Amino acid sequence: MKKATTKKILCVFLAALMLFSLTACGKDKDKNTDTGSKPIDLGDCKVLYKNACIMEDSNGDDAVVLTLDYTNDGKEESSYFWSVSELAMQDGVEMDSATIYIDYDTFETVSDVQYTSIAPGKTIEVKTAFVLNDPTSKIEVTFSQLIGSKSGKISIDPTTLGSGTAEKPGNKGGDAVKTGTEMKDWWNGDWYGWWKMTGCWGDYEDMEGEWWDVCGTIDIGTDNLGTVTLWDEDYSKDSPMVKATVSLNEAGTGEHGTLMSEGGQFTDIALEHADWIVDPGLLEYEDLICIDGYYENGDDEFYYEIYLRPWGTIWDDVDEDSRPYSYDDWYLPLIEAGKSMPDVIGEGAPAEGGDTNAPASNKGADAPGGTGLVSEEAVQKGYVWMNEVNNNIFDSTYEDLVDYFGVEGEFVKEEYSDHMKWNQRYYKWVSKDDSTHYIYVNFAEKEPGVYTISSFNTSGFSGKEAIEKYLDTVKAEAAERDKAATANTKMKDFSVTVTQFAHDDVAVKITTKIPESGWSYDEGKKCLVENDDPTAFGAGAIRFEVRANVEDFDYYKDNFENYQDIDDRVIGGITFKGRTYKYIGYNWIQYVAQIDDGRALSIGLTKLECVPGTMPDVILSGMTIQ
Numbered sequence: 003m004k005k006a007t008t009k010k011i012l013c014v015f016l017a018a019l020m021l022f023s024l025t026a027c028g029k030d031k032d033k034n035t036d037t038g039s040k041p042i043d044l045g046d047c048k049v050l051y052k053n054a055c056i057m058e059d060s061n062g063d064d065a066v067v068l069t070l071d072y073t074n075d076g077k078e079e080s081s082y083f084w085s086v087s088e089l090a091m092q093d094g095v096e097m098d099s100a101t102i103y104i105d106y107d108t109f110e111t112v113s114d115v116q117y118t119s120i121a122p123g124k125t126i127e128v129k130t131a132f133v134l135n136d137p138t139s140k141i142e143v144t145f146s147q148l149i150g151s152k153s154g155k156i157s158i159d160p161t162t163l164g165s166g167t168a169e170k171p172g173n174k175g176g177d178a179v180k181t182g183t184e185m186k187d188w189w190n191g192d193w194y195g196w197w198k199m200t201g202c203w204g205d206y207e208d209m210e211g212e213w214w215d216v217c218g219t220i221d222i223g224t225d226n227l228g229t230v231t232l233w234d235e236d237y238s239k240d241s242p243m244v245k246a247t248v249s250l251n252e253a254g255t256g257e258h259g260t261l262m263s264e265g266g267q268f269t270d271i272a273l274e275h276a277d278w279i280v281d282p283g284l285l286e287y288e289d290l291i292c293i294d295g296y297y298e299n300g301d302d303e304f305y306y307e308i309y310l311r312p313w314g315t316i317w318d319d320v321d322e323d324s325r326p327y328s329y330d331d332w333y334l335p336l337i338e339a340g341k342s343m344p345d346v347i348g349e350g351a352p353a354e355g356g357d358t359n360a361p362a363s364n365k366g367a368d369a370p371g372g373t374g375l376v377s378e379e380a381v382q383k384g385y386v387w388m389n390e391v392n393n394n395i396f397d398s399t400y401e402d403l404v405d406y407f408g409v410e411g412e413f414v415k416e417e418y419s420d421h422m423k424w425n426q427r428y429y430k431w432v433s434k435d436d437s438t439h440y441i442y443v444n445f446a447e448k449e450p451g452v453y454t455i456s457s458f459n460t461s462g463f464s465g466k467e468a469i470e471k472y473l474d475t476v477k478a479e480a481a482e483r484d485k486a487a488t489a490n491t492k493m494k495d496f497s498v499t500v501t502q503f504a505h506d507d508v509a510v511k512i513t514t515k516i517p518e519s520g521w522s523y524d525e526g527k528k529c530l531v532e533n534d535d536p537t538a539f540g541a542g543a544i545r546f547e548v549r550a551n552v553e554d555f556d557y558y559k560d561n562f563e564n565y566q567d568i569d570d571r572v573i574g575g576i577t578f579k580g581r582t583y584k585y586i587g588y589n590w591i592q593y594v595a596q597i598d599d600g601r602a603l604s605i606g607l608t609k610l611e612c613v614p615g616t617m618p619d620v621i622l623s624g625m626t627i628q
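Add 2 to the 1-based position in the sequence shown for the numbering used here, that's all there is to it.
Simulated from the structure, these hints should not be mistaken for lab results.
Straight-line C-alpha distance at most 27 Å; calculated DSSO-like pairs for lysine-lysine:
#1 477 to 430
#2 155 to 77
#3 434 to 471
#4 584 to 528
#5 477 to 584
#6 511 to 579
#7 471 to 609
#8 527 to 515
#9 466 to 477
#10 40 to 155
#11 77 to 186
#12 609 to 494
#13 528 to 511
#14 477 to 515
#15 124 to 40
#16 434 to 415
#17 198 to 423
#18 511 to 609
#19 527 to 494
#20 515 to 609
#21 430 to 245
#22 77 to 40
#23 466 to 245
#24 341 to 186
#25 198 to 245
#26 485 to 609
#27 52 to 77
#28 511 to 527
#29 77 to 124
#30 52 to 40
#31 239 to 466
#32 584 to 527
#33 609 to 466
#34 528 to 609
What you are looking at is a predicted structure, and each value in this text was computed from that prediction instead of being measured.
Working from the sequences, and respecting the hints, build out all of it.
Pasting the structure below:
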């Protein structure tokens, strides 16, 4: 985690460059030293340390939470966040900022009041939190002008602190807190547009340039803090794609200020402070915002751009190819009928007779379902299995997930997607230990009567943390299931001749046995694919490459990440050197060998484990090479 102080300063400088409108606290070089008995004077503001306690943060770590009084001594409205820089140290080591949620549903934290603006002469109680490096070492916290040199320091002995609970801090500012403004009102409400993915790697490599319609709501409170909720065609308002906490500041290039992320979730990854900096003044068109960001989860990466306009806006000022997909067929008829934004994209679309309440093709009367209740561990391990281990997850059916979890999922709803032209069923598998923790899965009826997974997301728990905790265990469990299945799999003969690029005379013939179903060969990429469809998205593969010399496979070695030599492997009577590394977004298991004076062969596995007894191991063990 990056330090909050560093990110805060960077963000302020960006905002200041845009508008030069932030309140400064002067350039006085005087320095205060205080133990918390009196306010620390920072020029246009004061900070009074009141007390501290120990709480558990969102990661389960102990954190020290300071309660402070912030007083605005300036001539304009100001907030603690935009006025004060803080640095906490233990034993000469900087302490990370801590996130402590008051409400996990809204992502509200104990520190959110730092963003509240108060009038000159008013005081507000705020909290700030830091992860403890050591439960006994003295804590020193320095409060400084965000822009300026005045500072003051306090010392805290953590051994003297009691435990606390996450509650909202008090507010002595009362009516000093901002109420509705023209700027805030512009942001608040329903929004509609589209989003796209670019720069895709890993499981998302084949989704380069794809785009979807998106709806959303923005709700900014009187303290200029609020939430952004977004959902595309695979989600809904109740189970959104994005739930972000945000702050709104007047700094920006236009009259609408700048919206900034403070926390929350984008699909299955966490959002942090300043991951989003949204300034409508930078765009060419009126009443348009662009939210751009970067997704990274393991080897899976992509950039995203989300374009939104207030619900009811007519997009005639932009080219047709810059409008949402359902703009003409769904959005405009609803607008013309005076309808509000539905909770699901495609819902309420007018029928030929103009009935905007036409029913979906199937409301789920015949949909199977149960409680969906499993253990907390099963929920988290299930997500890891779906996201990291099962390479054919988007070929998996509802029945496959029932088989994995051991229980029927909780049926949520069924609807027809006008965009995709198929029925969709939504299910949840829920932790019986905490009902707010669940996996939300969308199944699409791409073939009559067959529902396969089209998307899934987590709610209430961190997918990243689940992966860190359970990945090795889930891989081992999957390997055991693969071993059992492999032992009973019917096999067939497979043979292929692989040639060196642009040198058909340099060829190697490979024969082995593969399953009668579930595997295929991609001629273009020269690889065996763990799927009946060789072009299947995200499938594991065994790739073959022929060169003249084994050294030729090291051409890009300097670009390999996490390189490790592994045990040699005898394949077809030939000893192959083994190694693992990450390259072009993939984790590789690679075996290379010189076949004879003019031929070398590489056998590379991506998104596959080669555990003894599993199918990849059986395929390699059965190979002959000519």
